[in-house]
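J.: Residue strings, one per chain:
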Amino acid sequence: MSAEAGSSRFCINGVTHRYRQHVALDNLSLDLPTGQLIGLIGPDGVGKSTLLGLITGAKKLQSGNIDVLGGSIDSRAHRHRVCPAIAYMPQGLGRNLYAELSVRENLEFFSRLFGQGQQEREIRIPALLSATGLAPFSDRLMGKLSGGMKQKLGLCCALIHDPKLLVLDEPTTGIDPLSRRQFWALIHAVREETPGLSILVSTAYMEEAEQFDFIVAMDAGRVIFHGSPAELKGEARDLETSYRQLQAQGEPRFVPNKAPMHHQGADPVITARGLTRRFGDFTAVDGVKFSIRRGEIFGFLGSNGCGKSTTMKMLTGLLPASEGEALLFGRPVDARDLRMRREIGYMSQAFSLYGELTVQQNLQLHARIFAIKNRVERIDELAERFGLTAHMDTLATALPLGIKQRLSLAVAVIHQPRVLILDEPTSGVDPEARDSFWALLIELSRDDDVTIFVSTHFMTEAERCDRVSFMHAGRVLAEGTPDELIAAAQADSLEEAFIAVLEAAETPAPVAAPDVSVDAVYPGAAGSIGRILAYARRETIEVLRDRVRLAFAFLGSVILMLVFCYGITLDIEDLDFAVLDLSQGPESRDYIAEISGSRYFNPTGPLASSEDGRERLAKGDISLVVELPPDFGRKLRAGEPTEVLAIVDGAIPFKGETIEGYVAGLHSSFLEVMARQSGEHPVEIARIEPRFRYNQSFESIAAMAPAMPAILLIMLPAVLMAVSVAREKELGTITNFYATPTTRLEFLVGKQIPYIAIAFVNFLLLAAMTIFIFGVPLKGNPVPLAIGAFLYVWATTSYGLLIATMTSSQVAATFATAIASVVPTIQFSGLLQPVSTLEGGAQAIGSLWPSSYFLHLNVGAFTKGLGWNALAPDLLALACFGPALTVIAALLLRAQEK
Amino acid sequence: MQRLSCIFWLGLKEMMSLRRDWVMMALLVWSFTLAPVMEATGVSNSVNNASIAFADEDGSTLSRSLASAFFPPEFQPVAEIAPGTGAEMMDAGLFLFVVAVPPGFEKDVRAGRSPEIQVLIDATAMEQAGIGANYIINILNAEIRRFAIGANLLNPPPIDIIVRSAFNPNRDTVRFAGIVALIGQIMWLTTILTGAAMIREREHGTIEHLLAMPLTPFDIAVAKIWANAAVVLVATALSLSFVMQGFLGISIAGSKVLFLFGTALFLFTATALGVFLATIARSMAQFALLVMLTVLPMLMLSGGETPIEGQPGWLQIGTSILPSRHYMSASQSIIFKGAGIETVWAEFVWMACLGAILLATSLLLFRRSVAQES
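Note that the protein sequences, when read in sequence, are chains Y and G.
So the first sequence is numbered by this note's numbering: it starts at 6 and just counts up by one.
So the second sequence is numbered by this note's numbering: it starts at 573 and just counts up by one.
The hints are simulated quantities; they were obtained by calculation from the structure and are not laboratory data.
This list has only true hints and no planted wrong ones.
Covered stretches of chain Y (in silico footprint by chain G; criterion: 3 or more residues with CB under 8 angstroms from a CB of chain G, positions within the stretch not fixed):
#1 620-626
#2 662-668
#3 857-871
All C-beta atoms in this analysis are idealised placements derived from N, C-alpha and C, irrespective of residue type, glycine included.
The task is simple: from the sequences and hints, build the whole structure.
T.: Structure, rendered in structure tokens:
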């Protein structure tokens, strides 16, 4: 199918894509050749990722059409057909990979998704690992890899099924230049090995675009150029310049105009000596040393995760150093020294202002915290200087990235610090905004004499620093002015110099084209089952490695079972009571003895008056007051009718009613004894014999313990299930479901299997607790009970899936699922109020709720001793819920991203 | 002075952030309006609409008068069933109570042979079964006695008992359930709001930003605590006046101000718990799971859902260090029994001490966790 499709082109026709108000793609039409290396260039937010998502079918087309590999990608049948021929690596380091899985496990997962068998995996995975130099790290968890290695692994995962179309979204953003160069070498090797392979790559680094066969330059959702790099470059000095000229606002490139520093040879403002930071056995920063002079712009150049941020945090006092020292103005950095913090302005890596506050409110808050005297004037001045005046009442979150960064800088300098520490302040910002940001930095350094320590992974920015330090894997490899560094490495550019230094520091991993030509296909488990098992296996590994989720999965039900059973026991005994005995005769003492002799009540000190009784009731010291009138004994002896007053604490209705029952019982047994003593014929003209069925001794634990699993086995499994789906949405790994041949049902069922197993183990734990801790024997048949429990946890996990399809964040999924599972179970399943006592609508809801049936089943099997016949209706009802709910969840789940 | 001002402004920032977080706002509104109303009016734990059947083999005036002594709302209309089918129907969950009257019952009563009525009770329905059984026995006894006195078989009893339900003469369950639900929501929400505010700050990286300014971890935590506690306190006051008193018509015996003062004391504990959970959870999702595992037990064991006297002795000692138990007990005394400060001061002191200890511990832990991570 895809062989003949290889000859056709990618046709994009009139595609418009909106996110709410924002137009990401604006009526875009484009015709792209196949079998070539095609580059999409342009800064963040111009619609590159959206276009790539649409081409792979991971995102749903809103309007227009895209033909990929010989058919419209909007057609579900075509998508299903060509999916195995497309590989998609979304933006973000390792975004579609699983952090808790090792390198090999990640690869095995993708291999299984594409139906490869054990033998085929044994050939492909080692080949890919050795070609990319990842072989020594095959057992390392993905989350612990460096950025460059993550991208290599991402590429391996994308190549495992021999795709015809490889789509890479900003694969090299944020990784060091050496890794970047290796990555491209790998791509070229793969192209040579597999002719006819089409590769679509987006990048924000203009300098990378030179190697593409075909370039598409984008701006604001439109294509502003397409053609060969040579055509784009034309007369211009480099591609970045020509891109700027193409942009609508095309201003000439800002050339940093650095005045010389004022204080050559002044005392160092920032000094680091042997600065080291370890996290466990991982050394993030290893013996870093440098000194920065007053008014200098000092640049830290290195990849993500090389220790730049950690070093900066140690300088601000956010993080104590494991070894070595950091000095600021000659004094050691001390986290407790609040005065020193007034001298520093810090901008952390991510945008770290309050998005839910306006620009004005953000500035105000910081001005207040620094207790700035002329607050209003200072804010006005900054707003003007940083070009924020027009945005003062806009929420920070709604600002374009470039303006957000200017706001961050304004906030960082609001208190006029002498030192600025900026951690990758411009990542993701387009070249235009980067230039204006740098203009501000240079102004601060040269005019206001501020010392600036800035980290970056852009070479063009590093060139603008007074001095630069190359950092890699926690160590400073070289330091000096850009010119010195270039000269020392005998290189042409700073990038070349960095690469030379990197290569000298470590032997580069070998790069070769992976030899994955597999002659025969060794199919694994049949497609659908294979994919379901792939998801199930992966989910199991993930849960087992997440300690909080694991504890919640197994300890949660045990803890809550103990709490519920001990906490909700309704056997009330040993209640304190007091007597106001105004009669003080033998008769009244006998009456009182009847009450205090019972196991329900404990006597406390006698009362002086009715008020005394009322007061002690109000205080909660006693729960019952018994008042005997002054003529109690006399009237009784005379055979005249008399009366006793019992005042019960009715504040807690249940407790009050229970006490009333106790008192009435003790009263009539006193009358009986009295009658028998006087030789009268039995007062009892008829006997009323209560028979508590299923639970003769009427201990509440016997009723409570078998009822609790009904609520615990819906709440915990449903929440865990919902969190696991919402987690994929939040972390982005759900892309693998969008972009691989996985169907909705396969995805959901695969994820569900481990949770059904966990919940079933929970059921066994709870049943064991019921029998051995709470001493409630299992009187009925365990087989239908176990089957019922299995069907029930299938239903409750499906319910979690259903709710997860409607929520997008893990927190919303947790609370929504908890509320939506606990409330109906308590209200309508008969947990507190038997279903037979519910009225109308409530009873109808109860009969549509799985817990009602499982409650009846579990209680029936445990205490009523019911067997197959009596439990069959419950089993039949339970059997309907799981499949039905899973199917509804599958229908509601989006098969493509919006 | 400057630090106090920082704490104040950071707290205001907290409130502005909360106002724009519609998920939390929705949770806040739901928790103080619909949730307690549903809980208060939903399930009553006294006998209500109980299903009852009579297997009457006598068919006499007396047996018929017994059957007609059960009315709504406590009982559903009495169902007549064939003798001997009661157990089976109870297995199927059709009836909670089955009363079996033997043949010749009235004749035996008149002859003084003391015949026996059997009452089958489904003991798996805990709350209803216990109270309902008492109810039924008392109703049957009273009816038989009335018959016996009328037929001159029996003298009126020498001692009569008058039972009065103090603080709640009409055995109103809505009031109790409503207030307990409100208190539960206070616990949930305070913990969630405070903890979520801490984690949001960490997840968005703004906590480092704050720590690089002249602020201590203590200032940051205290700002969150006062702001979220204030929000919950205001919501509690509004809910008490408009939802509890206004909508549900619940009467409050004591002083509202005293109750709110007690609530303020309790909020120290609840916010401290939020801060504590936020320091051990690495993500919002873990926090949500931890909240469920801690707040639920604290609530269940506080004496609101079921009386403290129902707990085993060892557990009663254990739960006495739960601030939630003291809060529940003080609140019930104030709202239901009209207790004043002279009655509840001891509970207040407990809450204040336990809250202070918890708060100090979690602030200490928070500071340590800030120093360790990043």
